[in-house]
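Visitor: Take 1 as the starting number for the sequence shown in the numbering used here and just add one per residue.
By construction, these hints were calculated from the structure, which means they are not laboratory data.
Here the structure is a predicted model, which means the values were calculated and not measured.
Check each hint, because a few of them may be wrong.
[Stated by the list, open to error] For lysine to any residue, the following SDA-like pairs were computed, each having C-alpha atoms within a straight-line distance of at most 25 Å: (1) LYS48 to CYS66; (2) LYS48 to PHE68; (3) LYS48 to GLN76; (4) LYS48 to CYS4; (5) LYS48 to ILE33; (6) LYS48 to VAL5; (7) LYS48 to GLN59; (8) LYS48 to GLU58; (9) LYS48 to GLN71; (10) LYS48 to GLU67; (11) LYS48 to THR2; (12) LYS48 to GLU63; (13) LYS48 to MET1.
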Amino acid sequence: MTHCVIFDFDGVVAEQGFRRALTEVSTVQGSGIAQQELARLGMRALLKSGYVVGSGSEQHFWELFCEFSGQAALLQSGPEALRR
């Protein structure tokens, strides 16, 4: 049963920078996680954090993303580095 459908009009919810960040995490960080899997985990964190509907913070999104992906070391670099 579908509980939620999100339409992303090419940059409204998940801008190109979000996709670029996932690409960087999957390649530069040597996560060993395929880009498609990181995108899935990123969307999961985006929804679960409440960030997409304005009830959660960017920090909470990144915390969940790092938890789901096993990339806790990313949090140590701080929010500015995560936005690049």
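Visitor: Of the hints given before, which are not true for this structure?
Guide: none
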